[in-house]
Amino acid sequence: MKFAILVNEGAYQHQASDSAYQFVKAALEKGHEIFRVFFYHDGVYNASRLSVPPQDDRNINKRWSELAQQHQVDLVVCIAAAQRRGILDAAEAKRQGKDADNLAEGFRISGLGQLIEASIEAERLIVFGD
Amino acid sequence: MKFAILVNEGAYQHQASDSAYQFVKAALEKGHEIFRVFFYHDGVYNASRLSVPPQDDRNINKRWSELAQQHQVDLVVCIAAAQRRGILDAAEAKRQGKDADNLAEGFRISGLGQLIEASIEAERLIVFGD
Amino acid sequence: MNTLHTVNKSPFERNSLSSCLRLAAAESSILLFEDGIYAALQGTEFSETIQTALATHSIYVLVPDLQARGMSLEQVIAGVQAVDYAGFVDLTTTHYPIQAWL
Amino acid sequence: MNTLHTVNKSPFERNSLSSCLRLAAAESSILLFEDGIYAALQGTEFSETIQTALATHSIYVLVPDLQARGMSLEQVIAGVQAVDYAGFVDLTTTHYPIQAWL
Amino acid sequence: MGVTKKLLYLNRKAPHGTIYAQEALEVVLIGSAFEQDISLAFVDDGVYQLKKQQDTKATGMKNFSPTYRALDDYDVNKLYVEQESLAARGLSAEDLIVPVQVLSSAELAALMATQDVVFSF
Amino acid sequence: MGVTKKLLYLNRKAPHGTIYAQEALEVVLIGSAFEQDISLAFVDDGVYQLKKQQDTKATGMKNFSPTYRALDDYDVNKLYVEQESLAARGLSAEDLIVPVQVLSSAELAALMATQDVVFSF
Numbered sequence: 001m002k003f004a005i006l007v008n009e010g011a012y013q014h015q016a017s018d019s020a021y022q023f024v025k026a027a028l029e030k031g032h033e034i035f036r037v038f039f040y041h042d043g044v045y046n047a048s049r050l051s052v053p054p055q056d057d058r059n060i061n062k063r064w065s066e067l068a069q070q071h072q073v074d075l076v077v078c079i080a081a082a083q084r085r086g087i088l089d090a091a092e093a094k095r096q097g098k099d100a101d102n103l104a105e106g107f108r109i110s111g112l113g114q115l116i117e118a119s120i121e122a123e124r125l126i127v128f129g130d
Numbered sequence: 001m002k003f004a005i006l007v008n009e010g011a012y013q014h015q016a017s018d019s020a021y022q023f024v025k026a027a028l029e030k031g032h033e034i035f036r037v038f039f040y041h042d043g044v045y046n047a048s049r050l051s052v053p054p055q056d057d058r059n060i061n062k063r064w065s066e067l068a069q070q071h072q073v074d075l076v077v078c079i080a081a082a083q084r085r086g087i088l089d090a091a092e093a094k095r096q097g098k099d100a101d102n103l104a105e106g107f108r109i110s111g112l113g114q115l116i117e118a119s120i121e122a123e124r125l126i127v128f129g130d
Numbered sequence: 001m002n003t004l005h006t007v008n009k010s011p012f013e014r015n016s017l018s019s020c021l022r023l024a025a026a027e028s029s030i031l032l033f034e035d036g037i038y039a040a041l042q043g044t045e046f047s048e049t050i051q052t053a054l055a056t057h058s059i060y061v062l063v064p065d066l067q068a069r070g071m072s073l074e075q076v077i078a079g080v081q082a083v084d085y086a087g088f089v090d091l092t093t094t095h096y097p098i099q100a101w102l
Numbered sequence: 001m002n003t004l005h006t007v008n009k010s011p012f013e014r015n016s017l018s019s020c021l022r023l024a025a026a027e028s029s030i031l032l033f034e035d036g037i038y039a040a041l042q043g044t045e046f047s048e049t050i051q052t053a054l055a056t057h058s059i060y061v062l063v064p065d066l067q068a069r070g071m072s073l074e075q076v077i078a079g080v081q082a083v084d085y086a087g088f089v090d091l092t093t094t095h096y097p098i099q100a101w102l
Numbered sequence: 001m002g003v004t005k006k007l008l009y010l011n012r013k014a015p016h017g018t019i020y021a022q023e024a025l026e027v028v029l030i031g032s033a034f035e036q037d038i039s040l041a042f043v044d045d046g047v048y049q050l051k052k053q054q055d056t057k058a059t060g061m062k063n064f065s066p067t068y069r070a071l072d073d074y075d076v077n078k079l080y081v082e083q084e085s086l087a088a089r090g091l092s093a094e095d096l097i098v099p100v101q102v103l104s105s106a107e108l109a110a111l112m113a114t115q116d117v118v119f120s121f
Numbered sequence: 001m002g003v004t005k006k007l008l009y010l011n012r013k014a015p016h017g018t019i020y021a022q023e024a025l026e027v028v029l030i031g032s033a034f035e036q037d038i039s040l041a042f043v044d045d046g047v048y049q050l051k052k053q054q055d056t057k058a059t060g061m062k063n064f065s066p067t068y069r070a071l072d073d074y075d076v077n078k079l080y081v082e083q084e085s086l087a088a089r090g091l092s093a094e095d096l097i098v099p100v101q102v103l104s105s106a107e108l109a110a111l112m113a114t115q116d117v118v119f120s121f
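Protein sequence lines, in the order shown, are assigned to chains A, B, C, D, E and F. Numbering follows our numbering, with no gaps: position 117 of the first sequence is 117. Numbering follows our numbering, with no gaps: position 31 of the second sequence is 31. Numbering follows our numbering, with no gaps: position 34 of the third sequence is 34. Numbering follows our numbering, with no gaps: position 99 of the fourth sequence is 99. Numbering follows our numbering, with no gaps: position 11 of the fifth sequence is 11. Numbering follows our numbering, with no gaps: position 105 of the sixth sequence is 105.
Note that these hints are calculated values from the structure, not bench results. In this text, all values refer to a predicted model and were calculated from it rather than measured experimentally. Careful: at least some of the hints might be erroneous.
Claimed, not checked - Quick list of the computed label-pair ranges, beta carbon to beta carbon:
{"id": "1", "chain 1": "C", "residue 1": "Leu54", "chain 2": "D", "residue 2": "Ala78", "range": "41 to 47 Å"}
{"id": "2", "chain 1": "F", "residue 1": "Glu94", "chain 2": "B", "residue 2": "Glu121", "range": "39 to 45 Å"}
{"id": "3", "chain 1": "F", "residue 1": "Thr114", "chain 2": "E", "residue 2": "Ala106", "range": "47 to 53 Å"}
Each residue gets a CB set at the ideal place from its N, CA and C atoms; glycine is no exception.
Using the sequences and the hints given, assemble the complete structure.
Pasting the structure below:
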């Protein structure tokens, strides 16, 4: 079955990102397809490559990047939500005149249309939030 | 009177940061002293200099930076919470082997002791959160 | 000095106001702000709770948050006192300590 | 196919479970996960609500979230069914649509 | 994308205290271009999103509530409000910034059960 | 900093669903070095923070609950739990990972009113 996933909260503060990750992992293990994971609201913070969690804790952001790499999962960050919150890729940083960017590998920044499209294309939309 | 302020949530997602800002502004206008504003939990996101909110909206992060500059308010970001969430100054980025940093002007990164100290030194601690 | 309790959540969504009322000492004050202002309004399922609480607490509502949510002072329960941000600051100087019900 | 409702908040803190139960069609299912698992336990103020709801809904609880919070299956209300993440995935394939009560 | 799906936006949170209402509205506007069958449900504190006369000036925040009036221009006109949520808050349809259909809990439950996709924020 | 203040940590949120409990504990540990008069109050879902036998392995999250046991080593030993909150959740002091003082709402209200600083997360 083909799934779309929506993550509304950032890493660590709420369990939403953890739950979404565990769900996606379990779905992949069962042979399902993850059409897209869309990060909205504070969910965009999952896409920062600058986070440095304590050694004895999970690295949520890195875990997503690795999942994208290993399973070709499409991780999309909402551009409007990301701009508001300071998550930028190199191109966006340049366009906005910012001197740094912070998007992690495996994520791409795009519009809300990607969420709508995913919800239509997938057979199920699963939402994780606060 | 001497105030310490604690901000537990990031910009935009919750009103906490807005309320804290309006409170601090009103307190300063009345001639009170803001001993320190401490940013904890997702509150550390207030300190990103990469945010680009829409033109017709307030720029929460920049507003804090300007307040620090104009009124010499001590804006302190918890280092442990900031590392977890990818808010780094140049020194910290270097130490962690990260290729970018994102701390905005007017903020400094320090330990939780700064929160405790502020709560003891100030005559009032006001907490804004979710 | 008496405690100032701050409540920033809707009483319909969360339990913070009811916990505050359960644990606020008599004579302490309560400031309703952000989504907490919904508790200050007449004609809701919570109006009676606030009316009862007024017997033992001074209750305040932050007008900027009231206006942001399309509510006016005329809709506020009689006895609940209006403050702006400057008034919020004043309340924190005349009360001690300040206790947030997050 | 019937809807799967997901509830991830404590019934003591928020109104999401009670709203879900008010608006969930008969025969639809409910998954309690994250802090929502507190609703699945025996001997709490909410146990009766869940027991009543079992007459019209299949109710599931996510075991990893139960264990994380120090609760065991023995404490879960009889009739509430246990699932792990794989079981959560299965529920989403056998129900349609999935409705989150955030 | 030949199919037409029934997309429901479930709004349960008050405006301004959190950003969910505002950013949900942005999804609705973008989503309107996809020519699906769109409905919005306002339940619990979500009914406050539609309250008339919101004025955020003194808070310094953005007043996005007039945008609900623009929904009709985007052909988004199925706005459902739960009667029980209104009543609990002492509100009626006249207090709302746009025309809505007021449904009982039972009616809304039935409508929700017919959807293909539910967006929650 | 010659004064000694009464610092109260007010814990009202369940563990794991949000990070507040975990990061609050980090403040308590750091704060213990300042030699103030520290109390912790567990109210509402905050009492769940102290539940025995938490095992986060299957969620992939960090199990910070054993840290409550270390509080005593930091001379943090005024842990107050509200009886009403325990009872509503079908819990008793024996379900908790550390020894606590169980107080009625009235007793806890009186204790809170004597504090100098209240930390809420």
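Determine which of the earlier numbered hints do not hold for this structure and return their numbers in increasing order. none
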